[in-house]
Amino acid sequence: MIDSTAAAPGAAIAVVRAPRGELTTWRLILRRPTFIAGALILAFWIICALFGNTIAPDNPLAQQLLATNNAPSHAHLFGTDQLGRDVLSRVIVGARSILTITPLATLIGVVVGTALGLVMGYLGGVVDIVVGRVVEAVLALPLVIVALLFVVALGPSAPVIIVVIGFIFAPLIARTVRSAVLVESQLDYLSSARLLGEKPAHIMFVEILPNVLPAVLVELTVRLGYAIFTVATLSFLGYGVQPPTPDWGADIAANYVVLGAGYWWETLFPALAIASLVIGVNLVTDSIEQVLAS
Amino acid sequence: MTTYLLRRLGLAVITLWILSMIVFFAGQVLPGDPGRAVLGPLAAQSAVQALDHQLGVDRPLLTQYASWIGGLLHGNMGTSYTFRTPVEPFISAALVNSAKLGGLAFVVVVPLSIIGGVIAALNVGRLPDRVISVTGLSAATVPEFVSGIVVIVIFGVELKWFPVSASAGTGASALSQLDHLILPAIPLVFVLFGYIARMARAGTIEALESDYARTATLKGLKRSVVIRRHILRNSLLPTITVIATQTGYLIGGLVVVETLFNYQGIGLLIFHAAQDKDFPMLEAGVLTIGVVYMVATLIADLLYTLLNPRLRLGGTG
Amino acid sequence: MTSVDATTMPGPADAAGPALTVEHMEVTYRVRGRDRLALRDVSFRIGRNESYGLVGESGSGKSTVALALTRYLPRNGRVSAGSIRINGQDPLAMGTAALRGLRARTVSMVYQEPGRALNPSIRVGRQIAEVYEIAGLDRHSALERSEAMLRKVQISDPGRVMERYPHQLSGGMAQRAVIAMALAAEPSLLILDEPTTALDATVEAEVLDLVAALRAEFDTSVLFISHNLAVIAKMCDRVGVLYAGELVEEGIAREVFDQPRHPYTVGLLRCIPRRGQRKDHGRLDTIPGFLPQPGHSLTGCVFAPRCPIAEDRCRAAAPPAFVISPTRSSRCYLHEQASDLPRNTPADAALPARREAAVPVVRLRSLSKTFDSRGETLRALVGVNLTLEQGETLGLVGESGSGKTTLARALLGLVTPDEGSAVELDDQPLAADARHRPRQQLKALQIVFQNPDSALNRRHTVRYLISRPLTRLAGLSGARLRERLSDLVRSVRLEERHLALRPSQLSGGLKQRVAIARAFAGGPRIVVCDEPTSALDVSVQAAILNLLVDLQAKEQVTYLFISHDLGLVRYLSDRIAVLYLGRVMELGPAETVFAAPHHPYTEALLSAVPSLDGLRTERIRLTGEIPSAASPPSGCVFHTRCPRRLPTGICESDEPPLLEVAPGHLMSCHIPIDDLRTLQGDGGVP
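Protein chains in written order, with this note's numbering: chain W, 1 to 294; chain X, 295 to 611; chain S, 612 to 1297.
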């Protein structure tokens, strides 16, 4: 195991190192401060998503029409919105919708996309060309707009959003996986497999897949970030989770009209929630990428 | 090189065709009965059928698609369900407005992010790099409506430095228009900065670690000369392609930003069309965006091929 | 036996002080918070117009020496002790401006991969002109001088090359351009780090001759770094042997290679087949153990763990450099006994029992392969007729573009040959594509690839890698599989504990053993060895080659041995086929091919390869570059470079057929064999 130790130009020294097994890679990731920070943020929101109703101080759906637009106070730490609902509770419970939809959508995209990418990269041929064109076409449109198009057509609901985003992600992920597969196909171990009479399915899933898994992992985390981005935007535009379910994007959409009147807390806290979740995911992505790159 | 470009063009046409099919499918096939969608669930069936016939949606799908494509090729983008007038004037006006906003964002972000990326690369692992990288990463992934709202609150409402509305009013001067466009451009700049800076950084790092950078340094050249003459032209080449693909994100961001700032661009047009279920408008708008993006990537490919000697000229001589 | 520092040794006679003086240099790298020594107590001197070779295997630190001299160590490295003087100046004490001046005027470097050393976006001429511009010339004069310099490095039509971009140049031409760039500054010291390793043999010979000629003309001192002992022997006056960061022996090159005085040098030289050694003469010797990890414990001699004559004092304290003669030193307490070093591997070899009748197991008929890439047609193989006989080793020799790899792949079914080609096994035609071959046929043909990192799936364990062919080809399972697995592991001299590991946890030699075990798992009859040792260190090569010979004896297999290393091919092969641009130029028993009369190309190849034993034959100079397979020359494809081209013009017009010129000896040449015998004398490499 030759390892180039330097980050600067001309790293010529080949340092023979102690063997680096599977576990050490994970341990390296787990030790990075960026990973820890990101994971903590994610963990926090996951807990909110799972146990929101227990943690939240008030019922997020309870309207108090005599206490609308109250500034943050002892009773309501994040204030109340236009319908007198406790913003803090809505922020806590609001994690649920986005953390249900986005991981599922991403997972669908990754599973379908990886399978597609393996086939395209290894078998090539007609499938590669056709799917390649479809990918280009999908790429020509911003994710938000494609999602909007389909969600408008099919009606906004959680299953629709999950499937639409998942299937839009699939060709994009397929492209990355395909590139990784093409890199692998230059290597001789595939020739060796052919000389053993291995079938294409074996070669794709037993030989190639383990080697492209790092790329898949990075895609998973990156797409999760995009998914959160897109779902929040869809909600803001009114095509995500429907009221009165607490949802950060939807709440911002509903309450930003009163910004001019000075009621900033109703939009700021959900906005910060979105920002923190996205940053958390990206810290995790960044740390994984850093470790895999070295 | 010409063969490569012709092939590229051919592929682009095919992609465009597939794109049109996707858009048509989403717009015409999925939603079900347009007549019902426009008139609502309480309208009489006969009225719905009459509207359907008037809109031409009771014809076989293939015919509808053919007439739509045929119309497009003749410049006829269809008739809006909502306004009952041709779609083109709306699209062209909106496109101009979006071009102004997008253009401003682009003009600001491209130099900023390239410089940022290069500086980060020249200081790999040290403070400037960490700051620029993390800032870029975070900025890139916070949705535009989030940063947009923050920007409105701080600069528009509290500090009152810039006007909150994006429209300067008809007949306003260029400077006034610019003033109004600054706030909406900021969220777009945030999002784009991350991606472009990252690419510029990666490209510069690769160039710094290359053998030819070593050669140049060991020739006795000053570091600034090595960077300027040897590194930059190689590191920025892949960044060109990325900039082109960023038009995609830019346009996506336009939907949100224009909605937030109530700016009559193509993003807002599409959004309203979606709300009103005005599918001809929606399809035309989406297709236009697709075309814009593909033209941008085609130009980027062209530039890349021209600037990369390996592709411009042949092989071993 | 006085132990004296090398620095008090009188250097070679020099007029104005040595070009380079290195004294007790120590280089340390900081890895994960800990210091690792890469070089320890290295001292040597290079005089004016002297050529000094630094030889070592991977991990020896030879490249680190070059980096340290120009102060180009990576950020985590530093010169932690010792001093360097180049032309009397100290690079370690210089400020940035002075260092730039040093790099611009005094020291130049040439590295291994010329294509990558040049900026792909700047024209070649401009890059060379830069050197002159730094020296103060204006743009116009700089370009003029650059063109003149290109002419000096024997590039014909330098004007055109000036306008080219690096990717448009062949490897040899690019390296010449880099050399031009290096010598443009007229440096006092030229450092070459594996400059010809990436080049073909005939091109390498040209470049080396060029360096030697220019060195004399420019009066430059040369530091030549390489793992290739023969190249060093050819190019260098003196040589230093590096092992694990220490200079273990130093002296006049010829003397060191003929009478080594350090156990490592002795062992290293025994690993290489010398003076025409063949496998019948006995096994190659090997060096036991493994290269130490950097940062190893520093007590005692660095070679002691692997040294057969190591004594307690060797392990207790590191030996100083003993001065054996004014020109020789060795870091060994027992340097007087070094040359009597006992062998690590017994010399007797079990040779395969050859069948009396030459029974062809494989027949290649009219094997052709044309590649279509970007509109260009590349004729990689043209009408090759070849047989492989049971139990023999057929050596396949050729430079790039010869088609040897394509031939192997076509044989195995990894590449589909053109229509009209036939590949037969036991007179049965084989399907063109391996996917269509039945298990019996797949069993029979296997391969050991050059690069084990590429050939072994890094995500699988060694156990899986070797068991898979046992399942797929041999049809074994359960206890019988486990039994055979243990057998295989033993026969390639691996251990059971290696089974649980992944390839990335093994050294190069061990990985290649796994690859060999895998190839033999199915019980093949023919094994293709495609440069099986090229990616390995010299001391590891010998062990692998011995293993291959032993396995051949035990399993009675036929080898198709592909290599660019003529010494190895000669050692292993019974018959040899010489390929050039997809055609067989010569085919015959190894000794016949290697001795005159032989094909002019074979002759040129043999004379191009540097000999470790200093036996200089008449250099046959080949002019020009190897033609591209996309536009092969007319008639005999070798005619454009052939120094013995017939004046009648037949070589340009007619392609010579492959004819039997003596029993078992075939040649494709218009020159009659008797004329060749006269022209070539009874030379050839002894």
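Heads up, a few of these hints could be off.
[As the list claims (entries may be wrong)] Which bits of chain X does chain W cover? Going by a derived footprint, with three or more residues having C-beta under 8 Å, they are:
no.	segment
1	350 to 359
2	398 to 406
3	477 to 484
4	562 to 569
5	578 to 586
[What the hints assert, rightly or not] Every beta carbon over 12 Å from chain S, so not counted as near; a handful from chain W, in silico:
no.	residue
6	Q186
7	A193
8	L213
FYI, nobody ran anything at the bench for these hints, they're computed from the structure.
Since this is a predicted model, take the numbers as computed values, not measurements.
From the three backbone atoms N, C-alpha and C, an ideal C-beta is built for every residue, glycine too.
Going through the hints against the structure:
no., hint, verdict
1, 350 to 359, "violated (count 0)"
2, 398 to 406, "violated (count 0)"
3, 477 to 484, "violated (count 0)"
4, 562 to 569, "holds (count 4)"
5, 578 to 586, "holds (count 3)"
6, Q186, "8 Å, violated"
7, A193, "8 Å, violated"
8, L213, "8 Å, violated"
Of the numbered hints given earlier, the model fails hints 1, 2, 3, 6, 7 and 8; all others are met.
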